[in-house]
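Top to bottom, those sequences are chains A and B.
With the first letter of the first sequence counted as 1, position 157 gets the number 157 in the UniProt record's numbering; the numbers rise by one all the way through.
With the first letter of the second sequence counted as 1, position 39 gets the number 39 in the UniProt record's numbering; the numbers rise by one all the way through.
Worth flagging that the hints you see were computed from the coordinates, not collected in a lab.
What you are looking at is a predicted structure, and each value in this text was computed from that prediction instead of being measured.
Backbone N, C-alpha and C define an ideal beta-carbon position, used for all residues, glycine too.
You may find that some hints are simply not true.
[What the hints assert, rightly or not] Restraint-style ranges between C-beta atoms, simulated for each label pair:
#	chain 1	residue 1	chain 2	residue 2	range
1	A	PRO367	B	ASN90	53 to 61 Å
2	B	SER121	A	LYS248	34 to 42 Å
3	B	GLU55	A	LYS360	52 to 60 Å
4	A	ARG311	B	SER110	19 to 27 Å
5	A	GLU165	B	LEU32	27 to 35 Å
6	A	LEU361	B	ASN36	34 to 42 Å
7	B	SER117	A	PRO285	31 to 39 Å
8	B	GLN60	A	ARG139	54 to 62 Å
9	B	SER117	A	ILE241	43 to 51 Å
10	A	LYS211	B	SER117	33 to 41 Å
11	B	ASN36	A	GLU165	16 to 24 Å
12	A	LEU342	B	ASN90	26 to 34 Å
13	B	SER110	A	LYS315	38 to 46 Å
14	A	LEU366	B	ASN36	43 to 51 Å
[Unchecked claim] With a cut-off of at most 27 Å between alpha-carbon atoms, the simulated BS3-like pairs for lysine-lysine come out as follows:
#	chain 1	residue 1	chain 2	residue 2
15	B	LYS20	A	LYS286
16	A	LYS248	A	LYS277
17	A	LYS44	A	LYS4
18	B	LYS136	B	LYS146
19	A	LYS44	A	LYS113
20	A	LYS368	B	LYS66
21	B	LYS136	A	LYS346
22	A	LYS143	A	LYS159
23	B	LYS20	A	LYS287
24	B	LYS62	B	LYS144
25	A	LYS114	A	LYS211
26	A	LYS143	A	LYS211
27	A	LYS180	A	LYS159
28	A	LYS243	A	LYS287
29	B	LYS66	A	LYS315
30	A	LYS264	A	LYS315
31	A	LYS113	A	LYS78
32	A	LYS360	B	LYS136
33	A	LYS159	A	LYS211
34	A	LYS287	A	LYS211
35	A	LYS360	B	LYS125
36	A	LYS243	A	LYS257
37	B	LYS66	A	LYS360
38	B	LYS125	B	LYS144
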Amino acid sequence: MSTKALDLELFLNYPGIIPLSKSNDEFGGYLFVKDAGFPISLKKDKDRRRYDVQLGRVRSEVLAGVDFGEHPALILRKLSEFIGKSADGDRGSQENNDTDFYRFVMREYVEFKKFYFNIGSKLSHDMRCIEILHVDESRRQHKLQIEVKSDCKAAFNAKIYDLPECELQDDNSLLSLYGKFCEVVALYQPFFDLLDEIDDTCWILDPETPKRKDAYRRIAITGNLSVVIQFNAKNFVELPILKFLGPKHECEEYSKKLTANFSKWEPEDQILQEILKLLELEAFPKKPVKASLEELVLVNSGECCICFTMRLDDKLPEIVCPNPCCSQLFHEQCLYQWLFCLNSRKFYFEIIGDCPNCEKLIRCPLPKN
Amino acid sequence: MAGLSPSERRLQKELMSLMKEPPPGVVVDVDLAEQNILQWIIQMEGVSGTLYEGEQFQLQFKFSRKYPFDSPEVTFIGANIPVHPHVYSNGHICLSILTDDWSPALSVQSVCLSIVSMLSSCKEKKRPPDNAFYVKTCNKNPKKTKWWYHDDSV
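Can you build the whole structure from these sequences, using the hints too?
Here it is as structure tokens:
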């Protein structure tokens with residue numbers, strides 16, 4: 001085909017594309033395939049041999065099989081063919097769906113705003129994410145992040161929220177989803193009050209940053225002794241599960257107190273007070289206020305005696321030296337590594353060697369893998 | 001302190017502690033240690049009332065990536081090597097916790113204290129009996145030496 005014929009083809013078949021220079025060096029406009037327009041620009045590179053092609057709204061694979069050294073009409077013919085074949089060709093009809101989708105989200109969001117004009121909320125630019133900041137009756141803040149799905153009917157999916165034992169179902173109405181969220185928050189108010197009281201007055205070793213969905217707290221009692229309290233969030237007034245972690249003799253002592261006292265549990269009273277009553281304590285110790293800065297101790301309470309930290313790969317030191325004069329804490333991983341270096345005696349499931357601190361016998365389970 | 005290995009994290013913590021609350025007479029060169037956390041220089045002062053009163057010593061600590069599972073390499077360096085029955089004239093120290101009796105529960109601080117107390121309890125300033133032979137034949141790294149611990153009293 002002669003260049004003239006190709007020029008004519010370019011002029012007739014691609015009305016959306018216009019030359020931007022006199023010498024066929026640069027073109028711009030829209031390439032129409034199945035009534036969908038794709039923004040395009042063609043510009044000859046420095047050597048004036050090939051065209052640099054920018055094509056919007058299609059995947060880059062479409063450009064892969066095209067020879068850009070040919071006449072623009074041939075390039076466009078190839079591109080139209082590829083776009084037509086690939087799914088991108090359906091974008092035209094997608095466009096209408098998109099508009100419907102945006103309209104739907106906007107309508108829902110405006111409705112929500114009309115109802116709750118005083119609630120902090122944010123709709124992302126792409127209209128796919130809504131953030132709501134809910135304040136409950138005790139002025140606690142609850143963040144709810146909602147993902148908007150476009151491919152199914154129940155469009156609003158509660159993606160990130162901090163509530164215990166609760167699964168919010170997808171909903172087609174933003175108002176109704178938020179309503180359900182508020183209901184759950186209201187239901188858990190007394191439990192949140194308890195968690196707040198514990199978090200404010202006790203020294204929490206675990207979780208590192210306690211969240212409302214965590215229904216347990218590991219609380220420091222003395223030196224190396226701590227207790228894990230596991231609540232039933234739905235019925236937190238029932239006796240929680242208490243587990244002691246620390247030197248063996250101290251754990252046993254507290255377990256005895258627990259056995260002696262648990263019949264005195266009165267769920268009508270203040271739960272934290274009831275827990276203290278079980279343990280025969282006045283109060284849990286407070287978290288030392290930045291003690292680590294003023295009097296810098298090498299190994300603080302609760303820290304592993306080998307790596308000198310509390311958290312290693314997000315694990316707390318769980319092994320306690322059985323020698324009551326020592327009672328040092330170790331991460332399983334650290335102690336195993338040391339005993340292994342020493343060529344200590346290994347059994348089926350544990351390794352036995354000298355405690356790095358007191359040199360008395362200490363046992364460490366073998367790593368699981 | 002994210003991104004540090006457990007060994008670097010521990011050394012960083014030890015450095016902070018030694019900087020803020022050093023044992024008496026012990027000063028760590030913080031700038032040098034911060035440049036390379038695996039090699040520290042520590043200034044040590046002879047305790048008053050002992051044979052080393054008024055003397056200044058320099059200790060070099062070299063840590064491997066396996067610290068604290070691997071003991072640090074500790075030697076006296078510089079112009080003044082203390083004259084002591086357990087310290088060779090090339091700076092090597094014969095101290096069991098630096099090799100066989102090392103434990104990861106020990107720290108730079110506890111090693112410093114051991115060395116201070118080793119010096120302080122000395123009754124007569126003299127070199128080890130095998131000093132000349134050892135200095136001629138030993139490996140540069142004192143940890144390679146198979147030590148024969150002479151006695152525990154000094």
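So, going through the hints one by one against the coordinates:
1. A:PRO367 / B:ASN90: 53 to 61 Å: 42 Å, violated
2. B:SER121 / A:LYS248: 34 to 42 Å: Because 37 Å falls inside the window, the suggested range holds.
3. B:GLU55 / A:LYS360: 52 to 60 Å: 39 Å, violated
4. A:ARG311 / B:SER110: 19 to 27 Å: 24 Å, holds
5. A:GLU165 / B:LEU32: 27 to 35 Å: 54 Å, violated
6. A:LEU361 / B:ASN36: 34 to 42 Å: 38 Å, holds
7. B:SER117 / A:PRO285: 31 to 39 Å: 34 Å, holds
8. B:GLN60 / A:ARG139: 54 to 62 Å: Hint holds: Cβ distance 58 Å, inside 54 to 62 Å.
9. B:SER117 / A:ILE241: 43 to 51 Å: Between SER117 (chain B) and ILE241 (chain A), where Cβ atoms are some 49 Å apart, the hint holds.
10. A:LYS211 / B:SER117: 33 to 41 Å: 49 Å, violated
11. B:ASN36 / A:GLU165: 16 to 24 Å: About 51 Å separates the Cβ atoms of ASN36 (chain B) and GLU165 (chain A), which means 16 to 24 Å is violated.
12. A:LEU342 / B:ASN90: 26 to 34 Å: At roughly 29 Å between Cβ atoms, ASN90 (chain B) and LEU342 (chain A) fall inside 26 to 34 Å, so the hint holds.
13. B:SER110 / A:LYS315: 38 to 46 Å: Given range 38 to 46 Å: violated, Cβ gap about 26 Å.
14. A:LEU366 / B:ASN36: 43 to 51 Å: 36 Å, violated
15. B:LYS20 / A:LYS286: 25 Å, holds
16. A:LYS248 / A:LYS277: Given pair LYS248 (chain A), LYS277 (chain A) holds - Cα atoms ~22 Å apart, limit 27 Å.
17. A:LYS44 / A:LYS4: Given pair LYS44 (chain A), LYS4 (chain A) holds - Cα atoms ~19 Å apart, limit 27 Å.
18. B:LYS136 / B:LYS146: Within the cut-off at roughly 15 Å; holds.
19. A:LYS44 / A:LYS113: 51 Å, violated
20. A:LYS368 / B:LYS66: 22 Å, holds
21. B:LYS136 / A:LYS346: 42 Å, violated
22. A:LYS143 / A:LYS159: Holds, at roughly 11 Å.
23. B:LYS20 / A:LYS287: 22 Å, holds
24. B:LYS62 / B:LYS144: Roughly 14 Å between the alpha carbons, so the hint for LYS62 (chain B) and LYS144 (chain B) holds.
25. A:LYS114 / A:LYS211: Judged against 27 Å, a Cα distance of about 31 Å means the pair is violated.
26. A:LYS143 / A:LYS211: 12 Å, holds
27. A:LYS180 / A:LYS159: 14 Å, holds
28. A:LYS243 / A:LYS287: 20 Å, holds
29. B:LYS66 / A:LYS315: It holds: about 20 Å lies between the C-alpha atoms, which stays within 27 Å.
30. A:LYS264 / A:LYS315: Distance of about 34 Å is beyond 27 Å: violated.
31. A:LYS113 / A:LYS78: Distance ~49 Å between LYS113 (chain A) and LYS78 (chain A) Cα, so the pair is violated.
32. A:LYS360 / B:LYS136: Between LYS360 (chain A) and LYS136 (chain B) the Cα gap is close to 40 Å, so the pair fails against 27 Å, i.e. violated.
33. A:LYS159 / A:LYS211: Measuring from Cα to Cα gives roughly 16 Å; hence the hint holds.
34. A:LYS287 / A:LYS211: It holds: about 18 Å lies between the C-alpha atoms, which stays within 27 Å.
35. A:LYS360 / B:LYS125: Violated, because 36 Å separates the two Cα atoms, which is more than 27 Å.
36. A:LYS243 / A:LYS257: It holds: about 13 Å lies between the C-alpha atoms, which stays within 27 Å.
37. B:LYS66 / A:LYS360: It holds: about 24 Å lies between the C-alpha atoms, which stays within 27 Å.
38. B:LYS125 / B:LYS144: Holds. LYS125 (chain B) to LYS144 (chain B) sits at ~26 Å (cutoff 27 Å).
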